[in-house]
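Protein chains: 2
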Amino acid sequence: MDIYTLIKNEKDTGARLGKIKLRGKEYDTPMFMPVGTQATVKGLTPEMVKECGSAIILANTYHLWERPGEDIVYKAGGLHKFMNYDGPMLTDSGGFQVFSLAKPKDITEEGVHFKSTIDGKKLFLSPEKSIEIQEKLGADIIISFDECPGYPSTYEYMKNSVERTLRWAKRGKDVHKTDQLLFGVVQGGEYPDLRKYSAEELVKLDFPGYTIGGTSVGEGKDVMYKMITDATTYLPTNKPRYLMGVGDPIDIIEGVIRGIDMFDCVLPTRIARHGNAFTHHGKMNLKNAKYKEDFNHIEEECDCYTCKHYSRAYIRHLLMCDEMLAGTLLSIHNIRFLIKLTEDIRKNIETDTLLKFRDNFIKEYRK
Amino acid sequence: MDIYTLIKNEKDTGARLGKIKLRGKEYDTPMFMPVGTQATVKGLTPEMVKECGSAIILANTYHLWERPGEDIVYKAGGLHKFMNYDGPMLTDSGGFQVFSLAKPKDITEEGVHFKSTIDGKKLFLSPEKSIEIQEKLGADIIISFDECPGYPSTYEYMKNSVERTLRWAKRGKDVHKTDQLLFGVVQGGEYPDLRKYSAEELVKLDFPGYTIGGTSVGEGKDVMYKMITDATTYLPTNKPRYLMGVGDPIDIIEGVIRGIDMFDCVLPTRIARHGNAFTHHGKMNLKNAKYKEDFNHIEEECDCYTCKHYSRAYIRHLLMCDEMLAGTLLSIHNIRFLIKLTEDIRKNIETDTLLKFRDNFIKEYRK
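Here the protein sequences line up with chains A and B, keeping their order.
Note that the first sequence covers residues 1 to 367 in this note's numbering.
Note that the second sequence covers residues 1001 to 1367 in this note's numbering.
Watch out, some of these pointers could steer you wrong.
[What the hints assert, rightly or not] Stretch-level coverage of chain B by chain A, calculated; a stretch enters the list once three of its residues show a Cβ under 8 Å from a Cβ in chain A:
| no. | region |
| --- | --- |
| 1 | 1036 to 1044 |
| 2 | 1069 to 1079 |
[To be verified] Each pair of labels, with its calculated beta carbon distance range:
| no. | chain 1 | residue 1 | chain 2 | residue 2 | range |
| --- | --- | --- | --- | --- | --- |
| 3 | A | 26 | B | 1250 | 52 to 58 Å |
| 4 | B | 1229 | A | 121 | 56 to 62 Å |
| 5 | B | 1270 | A | 100 | 52 to 58 Å |
| 6 | B | 1352 | A | 25 | 50 to 56 Å |
[Unchecked claim] Computed list of lysine to aspartate or glutamate pairs in DMTMM-like fashion (alpha-carbon distance at most 20 Å, straight line):
| no. | chain 1 | residue 1 | chain 2 | residue 2 |
| --- | --- | --- | --- | --- |
| 7 | A | 287 | B | 1119 |
| 8 | A | 81 | B | 1066 |
| 9 | A | 75 | B | 1119 |
| 10 | B | 1050 | A | 51 |
| 11 | A | 75 | B | 1344 |
| 12 | A | 287 | B | 1300 |
| 13 | B | 1292 | A | 66 |
| 14 | A | 287 | B | 1066 |
| 15 | B | 1075 | A | 300 |
| 16 | B | 1081 | A | 293 |
| 17 | B | 1287 | A | 66 |
| 18 | A | 136 | B | 1293 |
| 19 | B | 1290 | A | 303 |
| 20 | A | 308 | B | 1293 |
| 21 | B | 1287 | A | 294 |
| 22 | A | 75 | B | 1293 |
| 23 | A | 292 | B | 1119 |
| 24 | B | 1136 | A | 119 |
| 25 | B | 1283 | B | 1344 |
| 26 | A | 81 | B | 1294 |
| 27 | B | 1050 | A | 47 |
| 28 | A | 81 | B | 1300 |
| 29 | B | 1136 | B | 1190 |
| 30 | B | 1292 | B | 1322 |
| 31 | A | 308 | B | 1047 |
| 32 | A | 136 | B | 1086 |
| 33 | A | 25 | A | 51 |
| 34 | A | 290 | B | 1066 |
| 35 | A | 290 | B | 1294 |
| 36 | A | 81 | B | 1303 |
| 37 | B | 1081 | A | 294 |
| 38 | B | 1308 | A | 300 |
| 39 | A | 81 | B | 1350 |
| 40 | B | 1081 | A | 300 |
Just so you know, the hints here were simulated from the structure itself, not pulled from any lab data.
Remember, predicted model here, so these are calculated numbers, not experimental data.
Don't be surprised by glycine CBs; every beta carbon is placed ideally from N, CA and C.
With the hints as constraints, model all of the structure from the sequences given.
Given below as structure tokens:
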């Protein structure tokens, strides 16, 4: 049951043009997946998200487990029906949220004990529980429960963690009953041999896709890029590779160059709510007084709904008045920006010009 | 230049079926007009507002004068272009905001001195200034600057105020230069002879439409309904009558019965942001725990976007998580509810059954 078709390897890089088949439809990769943490991409209707060209939408297992609870989503008919999105969906395992939000936590072989970030009540998440929740949520792609150690971690700690995450991956796979696609998570921190080991052992378990975890946890960009190569090198070419939680435009390009097919990040919607827009010349803060009488669109060449209809001055006005529409309009632009970026990336893989594209992009972006 | 065509008087009430012509298109009355205070109907795109069946959208002169300033809207090409709404628009005079928001204020013959509600700076609004601002904003209908006294006011105070508001109406009319339609405002509080006097004197000035101000300022419902009759009785039948700031469903029906053609109110969007939906059985607070596993739509018979796609349980989940989409979805439902109400009202004027419709509506609404 291969869901991924490799169409073309770029000549000069590890970049892959491909298609991923979900819910009976094929979607082009590399792709960017907008995040709908609480079963809603913040401030956008599902129709707006689709209009940005999106395919897969993410939702977060940890958040939905807490509120409204997986049983309610299940009774609603699953995530798609609950949130009115008929495109493909993906849920994460909850592992990253346990790592990043819940403190203190107690990691045992069985799973992780921690306290709710909402009401402080004691919670326990395990590989089995994560799968159980994700099966009830009903996304098309689900993720193995993993530990996501911080950076830096000692080699010793990371080695033990990788071993445990592999045992957790096996336990999750053993209890997984539905036809949802369960992806395995490569960990190993900045240690190449542990990344290799993690990848190779996961491949033995034969998942339909693999994700790369444990990046964007405090390491530098060069370290992160190396972590990617240290994982993708050992992953099969006929399965999709998904780099979790990465959405900086340059990181997306660098990730593709290292063989990544899928990305997700809250960045486009989060920076939007703070008044920021992605542009080809870096981030633009629309709150800046210089946009007060600037009746240009955010980017003239952008084809998003926001850039078709609204000026910088109008968006600034909305931001100054704390109007909800500001976040909505900027989120649409930012999500479209990243999806358009993946479209441009795909074109440049076709023409074997991705390195040149990257160099030009970075030059403009940092200008 | 009559903009209003009276199609039919209801047999048993003062209700009028009519059409109002704006921007070359005819719109049915009675109508409800959603409010976009800061040049945005809170949380909705203009397309969403249109999909609710809306015709005219309001914006507030006082707010836009403060932020971003009328000159910026003018430079943007006017309100329609600034906020991306190609349907008809209306701005109020700023008088009500000066009355309700700005304290203290000093009312002189010349105009009103008061302090900004945003930064405390000294401001001065006069009939001439209000027209000047509204001409720069560029709505299709604009409103005379009036004093909106509180309730109760003494007869003496109200008499002087009405006289001054009439002098202000004349001053505003004298400086008005554009082809925007300037409406006069009937004041007079709860005093029938002052309402009559205000209406008759305004009619002498021959405005293309008349609004009824000074309601919903603390008086009871019966007093308000009487204020309406005391004004509409003396207004010409070939001009539209607009009851400002009224959006309670029952008040809309009672207003129509007393000869009102146009209504506006922030109520549908304001209660939405607090989790409330209009229904035919009264307001529904979606935050209530009883909707946790309620997978029905807000109202099964409602044809709005929200009721087509989302359950009470999902909206409650969004509210519990403070998600922006909750306000958006509830606002769409509530605006559609009031617009659908005016559609039902129009049908019942056609069939001369409005009193029966009112009685049934109230019985269900208060059940």
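For each hint, the structure was consulted:
no.	hint	result
1	1036 to 1044	holds (count 6)
2	1069 to 1079	holds (count 4)
3	A:26 to B:1250: 52 to 58 Å	holds, 54 Å
4	B:1229 to A:121: 56 to 62 Å	holds, 59 Å
5	B:1270 to A:100: 52 to 58 Å	violated, 36 Å
6	B:1352 to A:25: 50 to 56 Å	holds, 54 Å
7	A:287 to B:1119	holds, 18 Å
8	A:81 to B:1066	violated, 43 Å
9	A:75 to B:1119	violated, 50 Å
10	B:1050 to A:51	holds, 18 Å
11	A:75 to B:1344	violated, 35 Å
12	A:287 to B:1300	violated, 42 Å
13	B:1292 to A:66	holds, 13 Å
14	A:287 to B:1066	holds, 17 Å
15	B:1075 to A:300	holds, 19 Å
16	B:1081 to A:293	holds, 14 Å
17	B:1287 to A:66	holds, 17 Å
18	A:136 to B:1293	holds, 15 Å
19	B:1290 to A:303	violated, 43 Å
20	A:308 to B:1293	violated, 40 Å
21	B:1287 to A:294	violated, 41 Å
22	A:75 to B:1293	holds, 8 Å
23	A:292 to B:1119	holds, 18 Å
24	B:1136 to A:119	violated, 51 Å
25	B:1283 to B:1344	holds, 19 Å
26	A:81 to B:1294	holds, 14 Å
27	B:1050 to A:47	holds, 16 Å
28	A:81 to B:1300	holds, 17 Å
29	B:1136 to B:1190	violated, 34 Å
30	B:1292 to B:1322	holds, 15 Å
31	A:308 to B:1047	holds, 13 Å
32	A:136 to B:1086	violated, 45 Å
33	A:25 to A:51	holds, 17 Å
34	A:290 to B:1066	holds, 18 Å
35	A:290 to B:1294	violated, 48 Å
36	A:81 to B:1303	holds, 18 Å
37	B:1081 to A:294	holds, 14 Å
38	B:1308 to A:300	violated, 35 Å
39	A:81 to B:1350	violated, 40 Å
40	B:1081 to A:300	holds, 17 Å
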